[in-house]
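Participant: This is what each chain is made of:
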Amino acid sequence: DTAVSQTPKYLVTQMGNDKSIKCEQNLGHDTMYWYKQDSKKFLKIMFSYNNKELIINETVPNRFSPKSPDKAHLNLHINSLELGDSAVYFCASSQAGRGVGKLFFGSGTQLSVL
Amino acid sequence: GEDVEQSLFLSVREGDSSVINCTYTDSSSTYLYWYKQEPGAGLQLLTYIFSNMDMKQDQRLTVLLNKKDKHLSLRIADTQTGDSAIYFCAEILPMDTGRRALTFGSGTRLQVQP
Chain A
1 DTAVSQTPKY
11 LVTQMGNDKS
21 IKCEQNLGHD
31 TMYWYKQDSK
41 KFLKIMFSYN
51 NKELIINETV
61 PNRFSPKSPD
71 KAHLNLHINS
81 LELGDSAVYF
91 CASSQAGRGV
101 GKLFFGSGTQ
111 LSVL
Chain B
1 GEDVEQSLFL
11 SVREGDSSVI
21 NCTYTDSSST
31 YLYWYKQEPG
41 AGLQLLTYIF
51 SNMDMKQDQR
61 LTVLLNKKDK
71 HLSLRIADTQ
81 TGDSAIYFCA
91 EILPMDTGRR
101 ALTFGSGTRL
111 QVQP
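The listed protein sequences correspond, in order, to chains A and B. The first sequence stops at residue 114 when you use our numbering, and every number in between is there. The second sequence stops at residue 114 when you use our numbering, and every number in between is there.
Among the hints, a few may not be true.
[What the hints assert, rightly or not] The calculated EDC-like cross-link candidates involving lysine to aspartate or glutamate, where the alpha carbons are at most 20 Å apart (straight line), are:
1) K41/A / D58/B
2) K102/A / D26/B
3) K40/A / D58/B
4) K102/A / D58/B
5) K40/A / D3/B
6) K36/B / D38/A
7) K36/A / E5/B
[What the hints assert, rightly or not] Derived CB-CB ranges, DEER-like:
8) S7/B / S5/A: 30 to 38 Å
9) D70/A / G82/B: 32 to 40 Å
10) S51/B / D38/A: 40 to 48 Å
11) P69/A / G98/B: 25 to 33 Å
12) Y48/B / S5/A: 20 to 28 Å
13) G99/A / D78/B: 30 to 38 Å
14) V12/A / A41/B: 15 to 23 Å
15) S80/A / K67/B: 40 to 48 Å
16) F42/A / S51/B: 23 to 31 Å
17) Q44/B / T59/A: 43 to 51 Å
For the record, the hints were derived by calculation from the structure and aren't laboratory data. Where is the CB? At the ideal position from N, CA and C, for every residue including glycine.
Using the sequences and the accompanying hints, generate a full structural model.
Facilitator: In structure tokens form, the structure reads like this:
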């Protein structure tokens with residue numbers, strides 16, 4: 001059983017389209033995250049949710065809208081995709097409090113915008 | 001702002017020791033972390049060290065912490081080809097909202113030659 005699973009693994013789409021990435025964790029964690037990894041492998045946090053509440057939104061364009069229907073799910077919807085959105089998007093989860101440094105990552109969604 | 005810094009690339013021969021270095025930013029960081037990313041996969045937590053420790057050993061892994069210089073290193077003894085990956089150091093830093101989140105260095109790509 002995969003602890004943090006995200007779908008799809010690959011997403012190829014045209015500029016201007018709208019797409020979603022789904023993430024689910026079965027670890028019972030309170031906190032979920034979206035990270036973006038660029039072509040140079042640099043990782044930057046985008047969002048963090050704790051028990052369905054948005055707690056971190058790191059200067060991400062409002063074309064990106066996370067949604068957490070329950071604490072086990074955190075989805076990412078992206079409107080009007082741009083070339084610069086091409087990257088690998090990682091979902092992760094952790095316990096709150098002292099556990100925030102111990103992240104469990106999904107295997108990533110490679111988004112290519114043409 | 002300051003970044004968590006790492007050298008980009010390290011190449012070693014199988015059986016040698018590898019030392020990956022990191023300079024972190026926040027002298028008040030309580031825990032510091034090392035993550036490993038294999039090709040096509042998400043990051044996985046390798047080890048971490050509490051800030052009141054100078055050294056932590058875990059099988060082939062040794063973490064050294066120099067708080068005065070804000071320097072962290074990861075030594076891998078008897079490096080194997082399966083250790084080829086990108087290694088990230090990380091610390092928990094405050095974001096724009098004041099909430100804290102795990103912030104990663106730029107990653108060091110370790111290549112192990114047979």
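Participant: Indicate, hint by hint, whether the structure satisfies it.
Facilitator: Each hint, compared with the structure:
1. K41/A / D58/B: The given pair, whose Cα atoms are some 26 Å apart, is violated under the 20 Å limit.
2. K102/A / D26/B: Judged against 20 Å, a Cα distance of about 18 Å means the pair holds.
3. K40/A / D58/B: 29 Å, violated
4. K102/A / D58/B: 17 Å, holds
5. K40/A / D3/B: Given pair K40/A, D3/B holds - Cα atoms ~15 Å apart, limit 20 Å.
6. K36/B / D38/A: 17 Å, holds
7. K36/A / E5/B: 18 Å, holds
8. S7/B / S5/A: 30 to 38 Å: At 33 Å between Cβs, range holds.
9. D70/A / G82/B: 32 to 40 Å: Roughly 37 Å apart at Cβ, these two residues keep to the hinted range, so it holds.
10. S51/B / D38/A: 40 to 48 Å: Check failed, 29 Å falls outside 40 to 48 Å.
11. P69/A / G98/B: 25 to 33 Å: Given a distance of about 26 Å, which is inside 25 to 33 Å, the answer is holds.
12. Y48/B / S5/A: 20 to 28 Å: About 24 Å separates the Cβ atoms of Y48/B and S5/A, which means 20 to 28 Å holds.
13. G99/A / D78/B: 30 to 38 Å: The hint (30 to 38 Å, Cβ to Cβ) holds, given that G99/A and D78/B are roughly 31 Å apart.
14. V12/A / A41/B: 15 to 23 Å: Holds - the Cβ-Cβ distance for V12/A and A41/B, about 20 Å, lies within 15 to 23 Å.
15. S80/A / K67/B: 40 to 48 Å: For S80/A and K67/B the Cβ distance comes to about 46 Å; the hint holds.
16. F42/A / S51/B: 23 to 31 Å: 25 Å, holds
17. Q44/B / T59/A: 43 to 51 Å: 27 Å, violated
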